Amino acid sequence: MSSLQIKNLRKSYGSVEVLKDINLEAESGEFVALVGPSGCGKSTLLSIIAGLESVTSGEVLIEDVVVNDAAPKDRDIAMVFQSYALYPTMTVRQNMTFGMECRNIDKATQNETIKRVADLLQIEPLLNRKPGQLSGGQRQRVAMGRALVRDPKLFLFDEPLSNLDAKLRVEMRSEIKKLHQNVGRTTVYVTHDQIEAMTLATRIAVMYQGVLQQYDTPKAIYETPANVFVAGFMGSPNMNFFDAKIVAQSDQLGVVIDGGDGAVLPLPSDRHSTLADGQSVTFGVRPEHFSPAHDRRAERKGGVSVVVPVHVDMDEPTGAETILMVQIAGQDATIVCEPDGAPNPGQDMDFEIDMQKISLFDPESGVRL
Amino acid sequence: MAEATHEAFDPLATGSRRRQIRAKATVYGLLLFFALLYLSPLFIIVMNTFRPLEEIVREGFISVPGLLSSQYWLEAWSGFCLGGTCEGVSPYFTNTLLMTVPATILSTAFGVVNGYALSKWRFKYDTWVFGLITLGVFLPAQMTLLPWAFVLGKLGLANTIGGLVLVHTVQGVSFTTLFCRNYFVAVPDDLIKAARIDGAGFWRIFRRIILPLSPPILIVCVIWQFTGIWNEFLYGTVLTSGTNQPITSAIVAFSGSGTGQRHYNVEAAAVIFAALPPLFIYLIGGKYFVRGLTSGAVK
Amino acid sequence: MPENTTPTRASWWQKLTDWTPQLVLLPTLFAAAIYVVLFSLWTLWISVSQSTLLPNMAYGGFGEYAALWQSKRWTVAYQNLFLFGTLYVLGSLFVGTLLAILIDQRVKFEAMWRTIFLYPLAISFIVTGTVWRWIFHPQTGVEKALNDVGWLSAQFDWITDRDMALYVVVFTGIWHASGFAMALILAGLRSVDGDLVKAAQIDGASMPRIYRRVVLPTIWPIFVAVTVVLLQFAIKTYDLVVALTQGGPGVATTVPAIVVYDLMFERGQIAQGAAAAVMILVGLAIVLIPYVLWTGWRARKEGQNHG
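Residue numbers (the numbering used here), protein chains in the order written: chain B, 1 to 369; chain L, 1 to 299; chain C, 1 to 307.
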């Protein structure tokens, strides 16, 4: 049974269409991350699922019931807001019981539920405080507690971690993941942070300019991005894109990076079917798929690699790894490598590319080839 | 936050000792000068409510008082004659009270609900509705005098306190709606969304979330409306007459009446009665009033 | 639970709930439509009707406007308003700014000073005018006091002097309004980043220069807002003049609002009174419309800057 289904959804404000023909489905218990840059329509989509915005056309189904015209309170959902939206004049306990109070649930059940959730989130000592007396992390917990007391069909999260500092964000991230594993409810989670999406989700929906670009597992999104946008958005540092051409060499197809020495980078044979000799392509390589040539890393792992000469402009050591700003065939690129044996700025060095992990896109449409 | 950084800095505590003293002297000197200027009318008028009339006539308002008596307060409250009735300002004081209290409560109540509906529930043409209501803030009273006189006549409210309550409520709602709407705009929309998901409707959200956040703006509305309506003069003069007039009109009538001797001391006491309630309200709530008023203006 | 309620009842109830905000606003909207639109059009129509002592709704043309602008009393009142408005606003801003800066120096008993300067705002124009009339009047006020202490040649009779009476009104108006200006400007000063002042001090600027060049320019929107509010007060000014000078001596302190009242209720020239009221509205519009457009423009610009 799918617990959330979105069919041919469109949303316009006047003449501006902010969501264009969205189709999406989440199985029961799934964790779906809606990810994309600001203004991509992900928050609007979440608001529509919550019933806080109306749809222009299309359908939203929760547990196979069309809820297009149902008020938020009738959808049996719970939501955690970016701003937490804790009622400032109520205590933590009142914040959590307010929803049950609106639904006329008796006091005994209320107390029992509060006890259970407070235990789960370890917020018992905070129950009689007001939100203003809580730290950022505590507010975050209470906001989740307010959602958990409801035991709804659907959990909605709207960028819940973006107001926390970096360290706390990582802690709360794993806490949310643990919580989802314990509670097992279907969850829709909006974020602009692709790392959050990758770490938490069972499936990721990447959105851009109101269009659903790709909806797949984190692994698939990372390894076979559907287009240049998804490839560039997911992954940090960004994927490198080179202008290049396909060249046929005997029965082997290869890639030649524009502006270089014309060296042919042979492609694995399973990539040949859609490509033709002389075709222009965008050649995408993730920074972490470069490695120093003398390491032979790709080969050791059973991959196929080719060697390219690289000129290092600048380095950014982060401790665990070193990020290199380099030039390959005169085009700017970024490489991530281990700090030991990393070249110095100004140095020339050979790097190999793991050819099994590269992506090719059509330079016009940006679609994966 | 800005206040905190600002308070951490004391410009008068820098530089040489001598410069500091000179700067402090200038600042406090000027403050004292202005404070005396602002307080002197109050002081003079209070003093003269205790002085016998012939002493005021002989020496003027500004002089060292000789004999002091509190009888003029009594005379002002319930003694002096105006237009044939000799009950002092008390009936007019009552009139104003009966006009101000209901009009303040009604206009504030409407304003809070309006402001909430306009700021937190989007609907078609909501900005037009808000625009129309706020136009009432700027419309000069002169434009509405004749229509009001006509409408109150038709409603059977001509020359009644009830008529003035209606006028001040309708006019005041423009102000209170403007104040409340601008105040509630700053309340995060997410709170309303969260409450709707929790299952609360329009009125429950109002009662449980908006009202508990409202005391600062309620104080602004009440003070603004109370002082404004209490001190209003034009409508009172045009729309009521005789013993139905509010106190401001009575004061003007009193000081303009009587061809003979002016009763300065009694007049002064009457003036104090007219000024006292708004002054009292302001002294209790003025701190919150300034805070509430400026929280909107600075943004 | 949507399953428990029948769909028709749910949607009926849902509809009513959806319309609650509009229903709540309805009484106010109705009142505002009558008060703002109908009343204005009504007065506008009276101004071009044949009304005299009583309303007569037959069309009479724009003759009353012509007559109004030909009457000496009205043109003097308009000139008075112009002079009074300018001096009242500038004076209140100046005194208000000065007081705000003084209080901003981390003075002791700040709340007390603020209360003293703001209390006139709570007092009616009628009371204000009455009290200052006594103080300004030569027979009861300052001149009398000076004469009594032995300075026999002292003269302070502005309130009865045709050329000076208007300045008495200006002074009293400033006494009443400068506290309001002070409160808003002080709030503005408090919102200025303290680091700005520190930076200017390190640059070697003196305190007066820091305020003039750095602090006050950053809060100019507050000055605009205060100016507009005060101009509005000025154009509507009526009670203060009635209580202080009753428009005299002669017509020296007559303002448009007084002319309106006299025409409508003393002289039985309702149409001309309405025409004068319309002219007050025009004056207000001249002040307010540019301000509204400007704030709208600023809000849009800010919206763009924030993306």
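Note that these hints are calculated values from the structure, not bench results. Treat the numbers as computed from the prediction; the structure is a model and nothing was measured. Some hints could be false.
In silico BS3-like pairs for lysine-lysine, Cα to Cα no more than 30 Å straight-line [said to hold, decoys possible]:
1) L/Lys-24 / C/Lys-198
2) B/Lys-107 / B/Lys-219
3) B/Lys-167 / B/Lys-177
4) C/Lys-108 / L/Lys-287
5) C/Lys-15 / B/Lys-153
6) B/Lys-20 / C/Lys-108
7) B/Lys-20 / L/Lys-24
8) B/Lys-7 / L/Lys-24
Listed next, the stretches of chain L that the computed footprint assigns to chain B, with coverage defined by at least 3 CB atoms under 8 Å from CB atoms of chain B [stated by the list, open to error]:
9) 184-193
10) 206-213
Backbone N, C-alpha and C define an ideal beta-carbon position, used for all residues, glycine too.
For each hint, the structure was consulted:
1. Straight-line distance between C-alpha atoms of L/Lys-24 and C/Lys-198 comes to about 19 Å, which keeps the hinted pair within the 30 Å bound.
2. A C-alpha spacing of about 46 Å is found between B/Lys-107 and B/Lys-219, which places the hinted pair above 30 Å, so the restraint is violated.
3. Our distance criterion of 30 Å between C-alpha atoms is met by B/Lys-167 and B/Lys-177, whose separation comes to about 16 Å.
4. Annotation: proposed proximity of C/Lys-108 to L/Lys-287 holds, straight-line Cα distance about 16 Å (limit 30 Å).
5. Taken as a hint, the C/Lys-15 and B/Lys-153 pair is honoured in the structure, with Cα atoms around 25 Å apart against an allowance of 30 Å.
6. Annotation: proposed proximity of B/Lys-20 to C/Lys-108 is violated, straight-line Cα distance about 62 Å (limit 30 Å).
7. A distance of roughly 67 Å separates the Cα atoms of B/Lys-20 and L/Lys-24; the hinted pair therefore is violated under the 30 Å criterion.
8. With a C-alpha separation of about 73 Å, the suggested pair B/Lys-7 and L/Lys-24 falls outside the 30 Å cut-off, and the hint is violated.
9. Figure legend: the region 184-193 of chain L, annotated as covered by chain B; annotation consistent (4 residues with Cβ-Cβ distances under 8 Å, at least 3 required).
10. For the region 206-213 of chain L, the assignment as covered by chain B holds, since 4 residues bring a beta-carbon within under 8 Å of that chain's beta-carbons and 3 suffice.
This entry does not satisfy hints 2, 6, 7, 8, going by the numbered hints stated previously.
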